[in-house]
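**Student:** The primary structure of each chain is shown beneath.
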Amino acid sequence: TQLLEQSPQFLSIQEGENLTVYCNSSSVFSSLQWYRQEPGEGPVLLVTVVTGGEVKKLKRLTFQFGDARKDSSLHITAAQPGDTGLYLCAGEYNNNDMRFGAGTRLTVKP
Amino acid sequence: GAGVSQTPSNKVTEKGKYVELRCDPISGHTALYWYRQSLGQGPEFLIYFQGTGAADDSGLPNDRFFAVRPEGSVSTLKIQRTERGDSAVYLCASSTGLNTEAFFGQGTRLTVV
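So the sequence lines, in the order shown, correspond to chains U and W. 18 is the number of the first residue of the first sequence in my numbering; add one for each residue after it. 25 is the number of the first residue of the second sequence in my numbering; add one for each residue after it.
Simulated from the structure, these hints should not be mistaken for lab results. Fair warning: there could be bad hints in the mix.
Stated by the list, open to error - Rough simulated footprint, nothing fancy, chain U against chain W, three-plus residues with beta-carbon under 8 Å:
no., region
1, 52-64
2, 74-80
3, 111-124
4, 129-135
As the list claims (entries may be wrong) - Label pairs and their calculated CB-CB ranges:
no., chain 1, residue 1, chain 2, residue 2, range
5, U, 84, W, 107, 28 to 34 Å
6, W, 107, U, 99, 37 to 43 Å
7, U, 32, W, 31, 37 to 43 Å
In this text the structure is predicted, and so the values were computed from the model without any measurement. A virtual CB, placed ideally from N, CA and C, is assigned to each residue, including glycine.
Using the sequences and the hints, build the whole thing.
**Tutor:** Here you go:
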């Protein structure tokens, strides 16, 4: 059983569309991180959210941490083919222990 | 080096053999993680070190798996009597502490034949 549930598992959209992916847990986290992973590479950090209700923006990406610090969402505006990849959320506990979700595999078609 | 280094990048071994996977974290990073990733899946937690000690080894699947970090820097993941089901990419990551970025190596692809 995954501690962090990500949805949807797969998402295929056309260039220019908007999308939202979700990360949910019954656990409370000290922080939640979003990573993007390309084939053959390790995950690379996109953002860390720490405060409940926090919203962070990174160009066309908007990240939100739930008020109770149990869930998060990632919204991409006007998706581009370069956004294609595996998006992973990771919850960090107070002792610095970190767990990942299974990921959302995004494909953006030109 | 500047990043997390994992060696070997690829390892093919026969069923029943012993393997060691090495992780050289970023200098000064006290936290070190080992994960296992199967194709199309997220990283599955194995073990987390804070300094030299294993703070959480609850993800190790069974007693064939063992990891050490004797000097609080380099870590070795050891797998005894390998099985075909152990085939996966083994990822190592390190960080400076709570709420900080974890930097990943490129992984070791282990194939048990």
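**Student:** Now tell me if each hint is right for this structure.
**Tutor:** How the hints compare with the structure:
{"no.": "1", "hint": "52-64", "in the structure": "holds (count 4)"}
{"no.": "2", "hint": "74-80", "in the structure": "holds (count 3)"}
{"no.": "3", "hint": "111-124", "in the structure": "holds (count 7)"}
{"no.": "4", "hint": "129-135", "in the structure": "holds (count 3)"}
{"no.": "5", "hint": "U:84 with W:107: 28 to 34 Å", "in the structure": "violated (44 Å)"}
{"no.": "6", "hint": "W:107 with U:99: 37 to 43 Å", "in the structure": "holds (39 Å)"}
{"no.": "7", "hint": "U:32 with W:31: 37 to 43 Å", "in the structure": "holds (39 Å)"}
Violated hints amount to a single one, hint 5; each of the other numbered hints is respected by the structure.
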